Each structure stands twice: as C-alpha cells, then as structure tokens.
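K.L.:
Below, each chain spelled out in residue letters.
Protein chains: 4
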Amino acid sequence: MKTMKAAVFVRPGKIELQEKPIPKVGPTDALVKITTTTICGTDVHILKGEYPVKPGLTIGHEPVGVIAELGMAVGGYQVGQRVIVGAITPCGQCNPCLSGDHSQCGGHAIGGWKFGNSIDGCQAEYLLVPNAQANLTVIPSNLTDEQVLMCPDIMSTGFGGAESGQIRIGDSVAIFAQGPIGLCATAGAHLRGASQIIAIDGNPRRLEMAKSLGAHITIDYSKNNPIEAIMDLTGGRGVDVAIEALGTQQTFESCLRVLRPGGVLSSLGVYSGKLTLPLDAFAAGLGDHKVVTTLCPGGKERMRRLINVVESGIVDLKPLVTHRFKLDDIEKAYDLFANQRDGVLKVAITP
Amino acid sequence: MKTMKAAVFVRPGKIELQEKPIPKVGPTDALVKITTTTICGTDVHILKGEYPVKPGLTIGHEPVGVIAELGMAVGGYQVGQRVIVGAITPCGQCNPCLSGDHSQCGGHAIGGWKFGNSIDGCQAEYLLVPNAQANLTVIPSNLTDEQVLMCPDIMSTGFGGAESGQIRIGDSVAIFAQGPIGLCATAGAHLRGASQIIAIDGNPRRLEMAKSLGAHITIDYSKNNPIEAIMDLTGGRGVDVAIEALGTQQTFESCLRVLRPGGVLSSLGVYSGKLTLPLDAFAAGLGDHKVVTTLCPGGKERMRRLINVVESGIVDLKPLVTHRFKLDDIEKAYDLFANQRDGVLKVAITP
Amino acid sequence: MKTMKAAVFVRPGKIELQEKPIPKVGPTDALVKITTTTICGTDVHILKGEYPVKPGLTIGHEPVGVIAELGMAVGGYQVGQRVIVGAITPCGQCNPCLSGDHSQCGGHAIGGWKFGNSIDGCQAEYLLVPNAQANLTVIPSNLTDEQVLMCPDIMSTGFGGAESGQIRIGDSVAIFAQGPIGLCATAGAHLRGASQIIAIDGNPRRLEMAKSLGAHITIDYSKNNPIEAIMDLTGGRGVDVAIEALGTQQTFESCLRVLRPGGVLSSLGVYSGKLTLPLDAFAAGLGDHKVVTTLCPGGKERMRRLINVVESGIVDLKPLVTHRFKLDDIEKAYDLFANQRDGVLKVAITP
Amino acid sequence: MKTMKAAVFVRPGKIELQEKPIPKVGPTDALVKITTTTICGTDVHILKGEYPVKPGLTIGHEPVGVIAELGMAVGGYQVGQRVIVGAITPCGQCNPCLSGDHSQCGGHAIGGWKFGNSIDGCQAEYLLVPNAQANLTVIPSNLTDEQVLMCPDIMSTGFGGAESGQIRIGDSVAIFAQGPIGLCATAGAHLRGASQIIAIDGNPRRLEMAKSLGAHITIDYSKNNPIEAIMDLTGGRGVDVAIEALGTQQTFESCLRVLRPGGVLSSLGVYSGKLTLPLDAFAAGLGDHKVVTTLCPGGKERMRRLINVVESGIVDLKPLVTHRFKLDDIEKAYDLFANQRDGVLKVAITP
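Residue numbers (our numbering), protein chains in the order written: chain A, 1 to 351; chain B, 1 to 351; chain C, 1 to 351; chain D, 1 to 351.
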C-alpha cells in the first residue's frame, strides 16, 4: 500500500505529520495531488480543541493541486489538470443542495464542510475529493498556485459576507476585524460598490492592508471607540451593513450598535460561549434588523467565479500570503500562525 | 375650542378617558373621525409601563373612520370618505422611506410607528393623521368596519412575518404563539403556499382558530414538547421558516431549535430583558441561518392590498373580534384584554 | 436482450408503440418501471413536427413508477420504492446547476429537459433516469399515482409561472389561457396569496375549472374583450403580474397590455413564428416592465415540495385527469389529446 | 411678474430660449435657481419630434442649483443650500411609490419623469421642484457642480442597468453601446463586481473611455462581429448579463444572442418602431431568460447614494463632460450634441 504524508489531529494541542495510506478512488471521487495549501483560523480552533474533530483526521480545507486519478463516473476532466477545490464540497444532488443550500449539504448544519472536518483534509500529499463532478475547477495556466490559494475559503467566505449583506451601490459598510476573512470581506464590500467602507481592527498593518483592499476609513479600536467613531462618520445614521469577522460577543454586539434600522448584520465569525442580542440596539425586535450568517460558499461554479476575479485583477489578494513552508515543516507553520507572530496573515504550504 | 374623548396614558397602570382638544389640521394632515378601533398587545405593554410613552399621550394605533377634514396639500380624497390608516404611518419622503424602510421612517428605530407612541393615537373620537397623502385608504362600501379592523396592525404584522420568512410553495413553517399576531402569521403562511403549517400555543381555543386559518397541525405546548414534536413531524429535517410571535427567550430559542440549516427565523415579538442566541442551535454561526425582524408594514398601499385580501375572501379574520365596547367603556375593555379573560382575542371599540 | 413497449417518434405525424431494449443501468442511473404517465402539449408539438426530435426517440416526460434497478453510485434508495421523477432532470453538478439554473443543465438552452427530448422518455414500460441521485422522489404510501401525476411537469411549470412573477399578497394577477399549464398557474397564483385572480380562456369548462382552483373572475374571450375587461376590473390600474400560458403573439401581447408599469410578464408558453414587443404597451422600454420566462423546475427537491402540496390538500389537481388509457392504446390517447376532444385536460396512461 | 430664460420646445426641430415667468411656489414645492445643467439624448429625441411633448414646455431634467424658495410644508432645508434633483421626481406617497415603483409615480407609465416631459424642466434659470420633500439632496461643499452633474440621470440610469441585471461577483457582462448611459452602465457593472466586462461600440474614443471606467475588453463592431467575439471570449458560454444602452432592434437582439440561458437582458434604451424577440435566441420561451427594463431611479435617497459614490472616488465620471456652454448659447449646444460633433459626450450648461 502506498503511503503519503499528512498533518493529523492527534489530540487537543497536537497536530503532527504522519504517514497514511493514499486514499482509494470510488466511482464519484477524484484523487488530487496537493501542490499548495494553507492553514485556516478554524484549523487553529481544531488544534486547540475548541472545535472538536476525530483524532486521526487529516486537517486542512484549502487545496490547490493536480488531478491524479478520476472515478469512473466523473467526466469532463483529465488526469494532470491543475485544479482547486472549495473548502466546502457540496454534492449538488441532495435536497438542500438542490434548494441552493450547498453549504448545508446533507441537511445537517455545516454539512457541506467535509475536508478536515468530517473526512480527511488537504494538509497532505494527496486529497480524496468526494462528488468530484461538482467540485473540481481547472486553474488557467497563467495563474500561479498562490494566486488562487485564497479562493477555496477566505475569499469565498469574505466575499460571501458582503454578498449576504446585500450591499447596494453607495452603501456604508463596517467590517469588524481585519484578519484574513475580514480583509476579504472588505474587498468584497468594495466589489459590491459600497462607497463608505469602514474597517476596524487593532493591528495597524492589517488596517493598512484593509486600505489597499478598498477600505475608505480605518479605525484602530485600541485608539478610538469604534461605535462612536462610526456613528459620527455616518452623521448618526449608522451603517447599512455591518460585517462580523471575528466571532466574539463584543464584535457581534458592536455590529448591531452601529447598524441603522432596517440594516443587515452579516455574520462570518465562529462563536463560542454565549451570544446575546442587546435589546436596545436590536430595538426590542422592532427595528427591521436582519442577522444573516454565511458559511463559505463552495462548489466548482463558485470557484470558477472567484478564479475569474483573480484573473481579472479587480482584487489582488496575493499580499495576504506572508509566509511559506514545506509540508514537512507544517508544525512550525502552525506555531507561527496560531500565535500570530511576525505579522503573519496566511502561509503557503507546499508538499 | 372643541373637545373630544380620548384614552390617555396617565402613568403605569392607568389609562383613562379624558377630554382633549380636537387637533388642528396642518397642510399635509387629515383629521379622521374614528368609527371603530381596537386594543393591541402593545397597548397593554404601555399600560403596564413596560413600553414607555409620555404621560398625556392618547393611545391606540388601529383606526377605522371617516375623513372629517383635509389639509390644503392633500389631494385625491374627500371629506366623508370611510378610510383606514395603518398603525405605521410612513411619510414616504424621507431617506429611509425612499429606500423602502417605511417602518423605520425618519431613520430612528421604530420611527414609522407614531400613533399612540410618539404622537396621539386613535382610541379617541378624532385622530390627526400626519402625511395623510401617504396614509389614507378608502374602504369599499361593501365592507364593514370590523372586516377591515385587523388591517392596520395585526394582519399587516402577521402577514409580514410570513413574507419576511420568504416562504416558498411546499415549505414547512412553525409559528410559535397563536395570539392575534401569531394567528395572522398562520394565515399569512397559508397565503404564501406553505404545505405544512404547525401552530404552537397552550390555549386550545386559539389552536382551534389556528386550524381554521390554515394550520395543518397544532401543538399544545402544555401537553407536548414542541421541539421534539416538530423535529418528528419534519422527519428530523426541521422547518424551513420559524415565526416567533410572542417576544420571549423561550419561543425565540425554540424557533432556532426547530429551524433547518439555511432556514429563516422570522421574529415578530417585542422582547424585554435578555435575548440570547443558543450557539448549538445556531451552529456557532455557521448554519446559514437568518434572523429577520419585521415591524408592521404601513402606508396606504399596504392597506389597499390588505383590504383586497379581505374583500376577496381568501382569509376571514372576522372571528378574531370576540368582544365589543363603547369608547366610554374602554377602561373595561383594557381590563378584559390585559387579563385575557373570557377567551378574548380582539375587541372592537366604537366611539 | 429483454425488450419493452415504448411510444416512439417515427416522423412528423407518427408516434407509434414499438418494442425496444430495456436500457442498461450505468453507475449514476436508475431504472424505473413506469406505472403511470401522461401526455403533454409539448408531446403534441413533437408529434406534429413543430418541435423537432430525433426519429426513434421514446416520447414522454411525466413519469410515475417503481425503482427497478439502481446504479452502483446511487445511494439512499431501494429497489421497489414508488417514485416520481421531474420532467426536467438536472445533474446538480454542472456549473449552471450549481448556480441555480437547474433547468438549463449543461449550459445550453433547455438543457435540463432530457426525457423525450434529448434522451428516451417515459411513455414506455421502463425509463432510464440519469443522475438518479438528484432526481428520484419517493411517493408517500397514502397517495395514488394519479394524485402525483401532475407534479413532474404541469404543476411544477404552472406554479413556476406564479413564482417567477413574484406575486405578493394582495396582488392582481391575470392568467391568459387555461389549459393544464394555465390552470396550474392559476392554482399557483392562489397559493402565493393573490387576491384578484383573473383567468382568461374561450372554453367554459376550463373557466369553470379555473374557478375551482382559485380564480376569482373568469373572462371568456369569445364573449368579452379581455384587455378592456381587465383594465376595468383593476380600475385602470392594470394587473401586477400577467402570466402567459399558451405561446402566441396575441396572448403575450395581451399580457403586456394589461400589465401595470413595473409589473411582471411571466411567460410559460412555447412560441413559434415571431414574437414582438408592442412598444406602446412596453412604454418604449421605460415602464420598468419585466419579462420572465420559466422552464419547468425539476429535481427531487422540487418534486418533494410538490408532493407535500398534494399531500396537504391545499390544491387538488386530480380533476385534471379526465381520461385514462392503457399504454397499448396510447395512439388513441394522442388522437384524443391532440384534437382536444371530449373536454380532455390530461390523460393517465398505464403500462 | 419676474421672468427668466428657458429653453422651450416650440415644434419638432426647434428648441429656443424664451422668457417665461418664474414659477410660483406651492406648499410642497421648492424653487431652485439652476447653476449647472446638461442635455440628454432624450432631449434630442424631443427636439427631433421623436418623443412628443407639448409645445411651450421647458426642456431638461438634470438640475444642479441652489434653493431659492421653499414651500410652507417642506422642512429640513434652507434657502441657499446647493442641491441636486433627480431626473425622476417621485412623490413618495402614491400607491406605486409606496410599492417601490418610484419611477412609475402616479401609476401611469413613465409617470415619475416629470421635468421636461410633463412639467417644465431645468434648462432655465429657475426650476420648480414638485414634492420637494422627497427630491432635494444637498451637495457636500467639497464637490463641484460638474462632479455631481451626472447623478440626476445618466449615472442613476446606467448604474440602474447594472443593478437590474443582478450582476454577481465574477459575472461576465456585455454592454452594447457606449454613449453616456452605456458608459455609466459599464461603470456600474464594475461597481457590482463583474470580472469580465465587455463594452461594444463603433467609436474608438468611447471604447477608450469604457476601459477607463472598468471594461476589461472592448469590441469595435465596425471591425469585429460582436456576437462571435463574445461567444468566443466566454468559451461559448455567453454572458450572464447583457445591457442594452441604445434602443435599437439590433442591439436588443444582439444582447439576447450573447446571453446565456438563465441570464438577464437589462434594457436601458428608448425604442421606436418595432421590437422583436428572436425566438431562436430566446429558446422559444424556454431558456429562463429575463428581460428587465429600468427607468432612471430618482428621489433624494438615490441622489444621496450617488453623491456618496462621487465623493468616495470609486468612480470618476468628470471626463464625460467634454464641452461647456452658457445657457444663452444652448441652441449651439443642442446643435453640437444632437450631431455628435467633436467627440462630445456630455455638455455642461450654466445660466
């Protein structure tokens, strides 16, 4: 049996590189040889034991690679093609998928997120892709791996936050937290035509990056009260859309406090502990507020569109890749990324 | 100076009939002689001091009457016409109104609700209607006052809950609480083509009424655990839309617990105290859930459509009027209604 | 090699029952033994040579049957289960499907319509279902074949016309032509909460049926000018939504002539010859009109919802089945149906 | 009686500067002293007699000016404020306006377009603004007249074409004709996140301008067949959205021919003569195509958003103003503009 290297969750606090068998390909699967991948904030939650997965699971859900083998029922692709696969891999054929709820594939919550969650992921030499017909997107030859590395998750998620917010041309939008997801939400707000994009974070370098991605105004919450600042910037009106990109009570609540009546709170964060709706900011339920959550849209069509965005040059997310590691050094990469050292935003991992 | 009788908020616990001057008509106003009105659950919150209004304010926001006088800038109407006016009276001309957020008129939360909240209401002999051009709807001569009495608030609010839920043909919908608003939400779910409408309450008479308005299944929460029952009825799938029509943590939370991933929690209740999102039912923010609140849609076009519904006979809300009082006896009416005695649903008050 | 009977298109004017091999099942297919099917207006177009298909093709796209065999990659079903399959069979996994354009599966126009169009159909003893995972819906045991026989096409199409029209509660809707599709559009308008449904046809029995399915007013165009009548009925306002259910210049144009500015013309007909937009009724392109076409929505989730509607009893389409034939007599059935004899609406065909 | 200069339609072929009385201000009006205005393609249609208006009418619907007088019922503004007013002036209070159909104000087609159509327009020293409460937008002091001169019509219309097309991030969009409206539609497509914007025209300078406003690819139809080129550029897929910005059968038809099944034809042109839907490109009505028309959105909220866009700098439309004239020379301006001489795009007229 052939084996491969894979970053495996052992127990809370421990992800390590192990040898595992290269997966066998069923009729609707594809096997992808990974050429580049990355680490996500969610992977850090897994590492820390905050998001539970089964010991022995290969982690990672942001794959770039080459088709190594195709199931007998998969058509229209060829071995050797360079592809990306979304972090979320909908089957396209279950009732929720056919209803448009691809991220909730199968009908249980978060069902569309399989890689590194319910099945083995892509921080490995090979990745088995289920429902491959719905999930392989060929990469144009003029784009590098790193250029499309953000498509599978953070670009899809961040843009999704802007899309779910139903931003209109000329809207005011606030985005709380400018980590990789928040930065992509900022870029997404720019792509939808917002004319006043306010990015909030405590890290000056991230705020600088936010400006380069479309933010018109940045607020360092360690220096200014963002709620007061935003109400001031909007002439007391509040923003049309507030995007939460961290997953804390404070940022969630701040979103609601700067949101105009009738506005949309578009939530991207993964929350833990308790989440409370402050009734004063929620107008006791009478403010026509909307709270919308978005799990990273996946599937090959979504990936195709995101690759189009990359290729067109209307957004440039390459600067988000700040560090590079070999798969052999992935434990070091986790250490750097989990501890947010050296201004890290995203790392590129190459087997 | 001519005077009229009006039900006035004096202090928490005290609404009484007083003599007040008949209001003067400005250029964009209309004066309506009230012929029928009613009491709303919100009025009871005001009476109890749970929703604060200024002492001296006339209460009431569900007017049926006759045009007594028209401002010089109001056109297309005649003195003597029978009209209804919505509980919410948008100006139609401010930025939020022009953006479609009529219920948040003026841009501050709940700004569209004026009668018996920020200006004098309609539990009186006369009502001054601001922005009359946008808010008077003529009643067809073949309809009685009582037939259209539910249009200004509960019908608009309840239907609005169904509309905001974006119910599709063939959806499963649960409606928690079958007071007047919940009953109208049940009727609204029926009007949108839901094929499995589940109504929850603890009052058998209300559940009976729910059935007559379109509920396919009723659950008496005092006898069965509604969450288990609904998950069972939907084969573990959960409902597509859950409508909250009471305003408590428990019903809000139950909505989320029976909601499928990707579903909509359409909230109509007025909450007090604390409101928490249970993270397990909320999939930590990753379930593509939507929480949408709706304040009663108003304005003359909304009222026109609701009158059309009444006239067409596709919904019959007359049975909701269970008791009748003279305006002189309004304090008795409040006593009956606030204490939910004698199976009361809605009362008709006639000056 | 086992054979079966199948109604085959031979040449314009000739559909005949032939012996054909029972199809072989590939990994993603299912074989369904047909128990009931029907003839569609489109089949008559095929018979007449107005809609071209390849000689030798088995006709029919409205299958009810029993699973006879399942491909190795199809899960969650069992041989022997009673199922329906939509007229349109999306794969769920191509780019258009993943984008929500299931009826345009594959990306070429009308690509989702396969049965009796691009592959063999269901007027036969057996039907091979492609992409079976996305297209089999189990029939509840309490429903008969005939009760769900309308789901695969006319119910889905007719309701789709109402859905695409974005009917709101209290809307006025006109439906031009009350054949099987138009009748279902009338039922669909009723399910969406229209309060003034105006059905137009020249056949009194169909108009009678329209009333039983939700029409408030019927217009016999042989006795009254429907345009004048509708403008009169709406007080000169025009309807909010006009549904075209025949496929002629005259009905299309009439739709536009009775449509209010800003309204939706929802088109279901299959047009031939020329189709012109009358510029006066189209306000030279400045009336904010929308013209929306809808090809029958398919896939197992759509079928599930439609079965839910049947089961709930909120619509009863059984009366549409006016005649019954054995498959052996299908040529007689075509003769009756194509010539619209004996008040036929839909025929049930049983192998 | 005080008089003013005004450009008046005399008869087909003749618009001349005349002296007219300065209008009197009613309770809901405002009088605006015009500081800058412009000429629209529609005005040329009027001049040529192709769009009929009453002789004696003052032409023009793109006003920038200063409030000179306010009606008694208009609040929140002050004499002396610099304002713009949309080309379309909804009342905000009629049934269509309250339903969101502001451009069809009053319920008759094109009802929202009043200036220079049904009432006197702004190619004059003074303009009477009806329903002023809904239609005055204050200009920030840091913006010049010319910077906001495009907001009232072409920016609102062109962006509206992109908005009605429901462009998604990563979409392919073709815009046929790159006159002022088409150029703004190109800018609008860019603002909505299209990643492949294809601009078609026969004028190289306009195509150059299209590139600067967001077009990724331009096609000179005098050199290349745009239909073949677009099908090629999209790999045979067709565009997601095609925008018509001229008003001819050929461009309308070309839109449909390059549109993918399920796509949106967003029409902005004013058509004359005949308009036919080519049934092959329309898939006989079965392609899930949508044809949507958009009349310039107006009202003060729309203008506020467009000014926000100008102020943010995300689009720069100043280069569209290619020529400047005094009001006294407006007949020369018409001559230049109507004959498209000297590379004219838009002219600025200052009284």
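There's no promise every hint is true.
Heads up, the list lumps identical chains together, so a pair's fine if it works in one copy or across two of them.
As the list claims (entries may be wrong) - No farther apart than 25 angstroms at their CA atoms in a straight line, the calculated lysine to any residue pairs in the SDA-like style are these:
{"no.": "1", "residue 1": "Lys-54", "residue 2": "Leu-279"}
{"no.": "2", "residue 1": "Lys-14", "residue 2": "Ala-284"}
{"no.": "3", "residue 1": "Lys-48", "residue 2": "Pro-278"}
{"no.": "4", "residue 1": "Lys-211", "residue 2": "Pro-278"}
{"no.": "5", "residue 1": "Lys-332", "residue 2": "Ile-119"}
{"no.": "6", "residue 1": "Lys-24", "residue 2": "Gly-49"}
{"no.": "7", "residue 1": "Lys-54", "residue 2": "Asp-280"}
{"no.": "8", "residue 1": "Lys-223", "residue 2": "Tyr-77"}
{"no.": "9", "residue 1": "Lys-14", "residue 2": "Lys-54"}
{"no.": "10", "residue 1": "Lys-24", "residue 2": "Met-72"}
{"no.": "11", "residue 1": "Lys-48", "residue 2": "Ala-284"}
{"no.": "12", "residue 1": "Lys-2", "residue 2": "Lys-54"}
{"no.": "13", "residue 1": "Lys-5", "residue 2": "Thr-248"}
{"no.": "14", "residue 1": "Lys-54", "residue 2": "Ala-284"}
{"no.": "15", "residue 1": "Lys-20", "residue 2": "Lys-33"}
{"no.": "16", "residue 1": "Lys-274", "residue 2": "Glu-253"}
{"no.": "17", "residue 1": "Lys-274", "residue 2": "Val-25"}
{"no.": "18", "residue 1": "Lys-274", "residue 2": "Arg-257"}
{"no.": "19", "residue 1": "Lys-33", "residue 2": "Glu-253"}
{"no.": "20", "residue 1": "Lys-48", "residue 2": "Ala-281"}
{"no.": "21", "residue 1": "Lys-54", "residue 2": "Pro-278"}
{"no.": "22", "residue 1": "Lys-2", "residue 2": "Glu-125"}
{"no.": "23", "residue 1": "Lys-33", "residue 2": "Val-44"}
{"no.": "24", "residue 1": "Lys-5", "residue 2": "Pro-319"}
{"no.": "25", "residue 1": "Lys-14", "residue 2": "Gln-249"}
{"no.": "26", "residue 1": "Lys-211", "residue 2": "Asn-142"}
{"no.": "27", "residue 1": "Lys-48", "residue 2": "Asp-280"}
{"no.": "28", "residue 1": "Lys-211", "residue 2": "Arg-168"}
{"no.": "29", "residue 1": "Lys-211", "residue 2": "Pro-140"}
{"no.": "30", "residue 1": "Lys-24", "residue 2": "Arg-82"}
No wet-lab data here; the hints were simulated from the structure. All values derive from a computational prediction rather than experimental measurement.
K.L.:
Which hint numbers does the structure go against, in order from smallest to largest?
P.N.:
4, 6, 8, 13, 17, 19, 24, 25
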